[in-house]
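Asks: All chains should be modelled from the sequences, with the hints used to inform the complete structure.
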Amino acid sequence: MTQTTLSLPIQGQMAGFRRFSVAEYHRLIEIGVLTEDDNLELLDGYLVHKMSRNPPHDAAIQKITKRLYRLLPPDWDLRVQSAVTLTRSEPEPDLAVVRGDETRYLAHHPKPPDIGLAIEVSDSTLDGDRIDKGRLYAEAGITYYWIVNLVDQQIEVYTQPSGATGTPAYGQRQNYRMSDDVPLCLDGSVVANISVAGLLP
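If you count the sequence shown from 1, position 117 lands on 116 in numbering that gives the first Met the number 0, and the numbers rise without skipping.
Just so you know, these hints were derived from the structure itself, not from any lab.
All C-beta atoms in this analysis are idealised placements derived from N, C-alpha and C, irrespective of residue type, glycine included.
There are no misleading hints in this set.
Derived DSBU-like pairs: lysine-lysine, alpha-carbon spacing no greater than 35 Å straight-line: (1) K132 / K110; (2) K110 / K62; (3) K65 / K132; (4) K49 / K132.
Pair by pair, the computed Cβ-Cβ distance ranges are: (5) P72 / Q173: 19 to 25 Å; (6) D180 / G31: 43 to 49 Å; (7) V189 / R26: 37 to 43 Å; (8) D151 / G31: 37 to 43 Å; (9) T164 / Q61: 35 to 41 Å; (10) P54 / M177: 18 to 24 Å; (11) N53 / A106: 32 to 38 Å; (12) V79 / V32: 21 to 27 Å; (13) P112 / P182: 17 to 23 Å; (14) M177 / E101: 30 to 36 Å; (15) G197 / G162: 30 to 36 Å.
Replies: And the structure:
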């Protein structure tokens, strides 16, 4: 049986792709063009398919969720695989520590000033989480960004975001290994120190 190989139309390759604003993305959801079944997120104006999750990925999310819920101060909340609204993107980080409680976000998603910490759990998406998501979160000025790196069994903590000036990036990265404790920081203060081994599956 012959297998058909699909390629992009020539005009598509020459002309490029149309980017969407966050407002346009919201409108496509409102009128039903996009639904949850489409499994998409908006990254830098592009509609991108979210990767399928494997058991270690989901197990890590569950472990982190349980530990963070116990440790967060009362004026912070934890959102799991829920959207956050940036200038040109609406990613869905695996976890996000945000100000307030669920009633604060009945009419809108958390925005950069609301976000104390964004977390991505990475195995097959490691390069994209380091480069693409890291750039988006740094540009938005999100102070703390963790990559729970299942490939190398470590937690990468990114700090000192550049903001929107120049080439967006985090100025500092520190790796925490299985024998280490990773500091949970919010608003510049250490809220708790958490065993890395207790977060990785």
